Every structure is written in C-alpha cells, then in structure tokens.
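Sequences are here, hints too, so could you generate the full structure?
Chain by chain, the residues:
There are 2 protein chains.
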Amino acid sequence: MKLQDIQGILCDLDGVLYNDSQLIDGVIESINTLKNRGYKFLFVTNTSGVTSDELFVRLTNMGIPVSSDEILSPPLAALNYVKEKKYNTVEVLGGHSIKELFYKDLKKDIDNPEAIIVGDIGKNWDYQLMNSLFNKILNGSDIIGLHKGKFWKSSDGLRIDIGAFIKGLEFATSKESICIGKPQKEFYESAIKKINISPNNLLMIGDDIIGDIQGAKEANLTAIQVKTGKYREELTKNAIIQPDIIVNDFNELKDLLP
Amino acid sequence: MKLQDIQGILCDLDGVLYNDSQLIDGVIESINTLKNRGYKFLFVTNTSGVTSDELFVRLTNMGIPVSSDEILSPPLAALNYVKEKKYNTVEVLGGHSIKELFYKDLKKDIDNPEAIIVGDIGKNWDYQLMNSLFNKILNGSDIIGLHKGKFWKSSDGLRIDIGAFIKGLEFATSKESICIGKPQKEFYESAIKKINISPNNLLMIGDDIIGDIQGAKEANLTAIQVKTGKYREELTKNAIIQPDIIVNDFNELKDLLP
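Which chain is which? The protein sequence lines are A and B, in order.
Take 1294 as the starting number for the first sequence in our numbering and just add one per residue.
Take 1294 as the starting number for the second sequence in our numbering and just add one per residue.
Just so you know, not all the hints are guaranteed correct.
Which copy? The list can't say, so a pair holds if one copy fits it or any two copies do.
To be verified - Derived PhoX-like pairs: lysine-lysine, alpha-carbon spacing no greater than 25 Å straight-line:
hint : residue 1 : residue 2
1    : Lys1397   : Lys1333
2    : Lys1328   : Lys1376
3    : Lys1468   : Lys1443
4    : Lys1468   : Lys1523
5    : Lys1530   : Lys1328
6    : Lys1416   : Lys1547
7    : Lys1468   : Lys1530
8    : Lys1379   : Lys1468
9    : Lys1468   : Lys1446
10   : Lys1376   : Lys1520
11   : Lys1416   : Lys1328
12   : Lys1392   : Lys1486
13   : Lys1401   : Lys1378
14   : Lys1520   : Lys1510
15   : Lys1486   : Lys1416
16   : Lys1443   : Lys1416
17   : Lys1328   : Lys1379
18   : Lys1487   : Lys1376
19   : Lys1328   : Lys1397
20   : Lys1443   : Lys1520
21   : Lys1478   : Lys1530
22   : Lys1487   : Lys1328
23   : Lys1392   : Lys1376
Simulated from the structure, these hints should not be mistaken for lab results.
Here the structure is a predicted model, which means the values were calculated and not measured.
This is how it looks when you write it as structure tokens:
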C-alpha cells in the first residue's frame, strides 16, 4: 500500500459523511480539498430503496459536492450487472423509481422472468408472494438481491429485512441468489469500472468492517476505516480482514494523502 | 445387525403402508402377523398438520391395526421435547388441534414466550408475523419447528413450506432453530423412549433415505428401506449413509424377521 499512488477514493456515505441526516463537521471542506488536489471520487452506498438520482438530490440538498455520476448504489450496480450478463427479461420488487430504472432498459416479465430483482418492499412480503417467487425460481429465474440485510433500525425498533426472505427462497429452491451491494465482489467490480481507476491506485473509506473494509480488501483496494458511524472497536479487533489504516473521521483523510 | 434380536419396529406411514390414501396390498395382514409374533410397533411420521389422535382416527378408518399410543409425530415429539427441557411458556403457530395439544400442558404467552412452536399455518405467513417472530427471538424465544420442509406437493403444484420461513428467521436472528421430526436425533430419541426398547433391538422401516434411513442409522437402529413411496434408486446409491437391507415393500419384512 502506497498512499502516494492513490488517484481515486471510493467513499461510503452514512456513518462517514453523516450520521442519519446530520452532516459530520468539516466533511464538505475536506471533500473540496481532496477534489482540488485532483482525487476522483465515487460515493458507494448500500442504500437500496432509492435510485442514484434520488440519492444525488438528497446529497446535494445536504451541501455535499457531488455530481450525479459520482454515485454507485445497489440498484445501479444491479442494473449494470443484469445488462452485462445479458438478461433480457426481469421482474422487479421495489419502489416505483427502482422499477422504472430497470423497466426502462429491460423487458418486464412477471410470469417467467430471467431474473427477479429483489429490493425493499416494506411490509408487502406474504405467503402468496414467497410461493410465487419460489415457483418462478424453480422454473429457472435467477434471484438478484439489491442487498441481503438481516434487519434494519426503524424509529420504533428493529425490523426484519429482505435478506431473511431471500435466504428462505434460497433454502426452499436449493439455489443461491446473487446479491449486489457491499461487500460483494460484483459491487466492487462495478465501482472500479465506473471510476475507471486500477485497484492499486484506489482506496475505500468506510465505517463498516465487513461491507467497506473486507469488501475493499477482497477487491485489492487500500482500505481505511473511520471511527464514526457503526465502527465498533471489538468488531474490528475480531475481524479476520483488517483495515490498512484507522482514522478518527473522514476529515483526517486529507492529512494522510499527499 | 442381528435380525433375531429385533423386538420392536419403528414404521413410517406414507410411502410404506400407503401412497397418498391408497393402502398398499397386504400391509394390514403383515402388521397383524408381526404383532402376533410379539413385535412391538411405533408408527413414526413427519405429518405435522394434525395431532397423533387425529392420525389415529385416520389410520383406524383405513383399517390399519393401531392403538392411539402407537403413533409418534412431530407435534407430540415436540411436546415431549419442550416438557423435558422444562419450557414453561410457549406460543404455537399451527392449526386448532395443535394449539390445543400444547396449551393444555403449557402456558400460552404470545408476547415473550420461552419457545415458539412453528407448525403448518398455510397461507398465513406475512411480513408482520415474520417481524414479530424475529423480535421475539431476539428477545430470547427459542424457535422449534415441527419440521423444516422446503416445499410440498399440492394438487395444483409445488408450494413453499415452513422451512423457508424458519430458515429466514435463523438468518435474520443469527440463531439456529430446533427442528423436531425425522431425521433429527431428538425425534428418534423420543421414539426410542416411547417404544421403550434399546436401539440394538429396534429397526426402522421407511422409504426416505434421509428422514428414515439416515436418521435411524444415526440413532444406531437397524434401517430397512422399502422400494415403495419416494424411494429412488439413484438417491439411495448416492447417499452417504446406506440402509442395512432394501426390500421391495413392507410385506417382505415378515419374511425377514423370525
């Protein structure tokens, strides 16, 4: 790892630049400083309920200096994946904007799709849906999850997430799903391709020891962990794959890099 | 394995004595012959939607010579298990008779049960139920499945089964379930205890290479596979654990045993 070789930065969002919707002090200036020194940025996130364009609006409204093609999230990574793998027909479980993103480029088929894209559908999981997906998978549909989260934290407690339903379908059909999102290698491959910089010259900065650090190291990137967001000392200590560097927060990155 | 030491017979039902509801020719006479020679019988099945008493009525109506205490199915095995493990409070997902079976002996608690018994509830799976079970498990409830079936064959095609939902809960909570039913060792332990004969003097006869044969061998019983029901030559050939003897059908058992 040579920090003087770094040309590009893959940067996680939640927990690195902000907590919930609260910007961390100084990050806007830090991004500007690094951009002025010539570093290319790609903001990479597992947020799956909205498209990259919707994320762009959200970040812009927060004052974060970003352009719409500097964002990669699972919906876009999954779209890239299905196009690259030459799937022709898909069925999309997700919100309106996610459906639109896929159905713009691929043929919608809810009877016998080549791929079923599973995103966030809130409380819409039920037996009929599970049984219908189960039978489509047995008939040959691949299942592509925008993520495989176990649960998420809502304002009134923990809620079971789509990973549970995807896992159940895998078990019943004896067929593995393809999951797009950090730490999956397909996601990092998509990010490397999009920022168009070799792994040797790329670093990833994030708060999640698995999604950000393990994923980045497996893709042969330099991995820097921040102590903000969901960073927990124990989790990092016990992890098999370690970050190259740990910093207090995102703002320290500009002091590390030339 | 010495067949002359056999004193008791664990006998699977569907696929051994009948296919669907169609009795296999000669089985009634064969059971009577073996009972007259002094062999004790316990009929062991993974049928989970009804109680042992309801099964008793069904078998009796088919003319099979059976008493109500000669039947062990997952609901009863699970009840034995939770009583032995000294659970005090349970929540039961299942039909009316299954609920009654448990709530007769154990305290019903749908808020914070020590164990959640998961049986067949048809199309009643939905997000709210999954999320509620997920949170109870995180709060300490154990999950006990009456079986972990992947799917079953209905008159209009394959239907996803409770195993998928149990697997999803295991994934989301990072907690293993306890599943009662063949081939689980808890089920065979319960059967050995109920028939009250040592494994050395006990044989199991069944059509399922995993549930019946592997389960029986792991419990140190003599295992005999019939070629009726779901027997498939390839499945048996490729299985790691082999039956001691393969017979054409249940009726051949009386010719094998003294």
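Quick rundown of the hints versus the structure:
| no. | hint | in the structure |
| --- | --- | --- |
| 1 | Lys1397 x Lys1333 | neither (29 Å within a copy, 68 Å between copies) |
| 2 | Lys1328 x Lys1376 | neither (31 Å within a copy, 66 Å between copies) |
| 3 | Lys1468 x Lys1443 | both (19 Å within a copy, 12 Å between copies) |
| 4 | Lys1468 x Lys1523 | between (32 Å within a copy, 22 Å between copies) |
| 5 | Lys1530 x Lys1328 | neither (32 Å within a copy, 64 Å between copies) |
| 6 | Lys1416 x Lys1547 | neither (43 Å within a copy, 56 Å between copies) |
| 7 | Lys1468 x Lys1530 | between (34 Å within a copy, 23 Å between copies) |
| 8 | Lys1379 x Lys1468 | within (20 Å within a copy, 38 Å between copies) |
| 9 | Lys1468 x Lys1446 | between (29 Å within a copy, 19 Å between copies) |
| 10 | Lys1376 x Lys1520 | neither (37 Å within a copy, 48 Å between copies) |
| 11 | Lys1416 x Lys1328 | neither (41 Å within a copy, 55 Å between copies) |
| 12 | Lys1392 x Lys1486 | within (24 Å within a copy, 56 Å between copies) |
| 13 | Lys1401 x Lys1378 | within (16 Å within a copy, 52 Å between copies) |
| 14 | Lys1520 x Lys1510 | within (18 Å within a copy, 53 Å between copies) |
| 15 | Lys1486 x Lys1416 | neither (35 Å within a copy, 44 Å between copies) |
| 16 | Lys1443 x Lys1416 | both (15 Å within a copy, 23 Å between copies) |
| 17 | Lys1328 x Lys1379 | neither (35 Å within a copy, 64 Å between copies) |
| 18 | Lys1487 x Lys1376 | within (14 Å within a copy, 59 Å between copies) |
| 19 | Lys1328 x Lys1397 | neither (33 Å within a copy, 70 Å between copies) |
| 20 | Lys1443 x Lys1520 | within (23 Å within a copy, 42 Å between copies) |
| 21 | Lys1478 x Lys1530 | within (23 Å within a copy, 38 Å between copies) |
| 22 | Lys1487 x Lys1328 | within (17 Å within a copy, 74 Å between copies) |
| 23 | Lys1392 x Lys1376 | within (15 Å within a copy, 50 Å between copies) |
In this structure, the hints that do not hold are numbers 1, 2, 5, 6, 10, 11, 15, 17, 19, in rising order.
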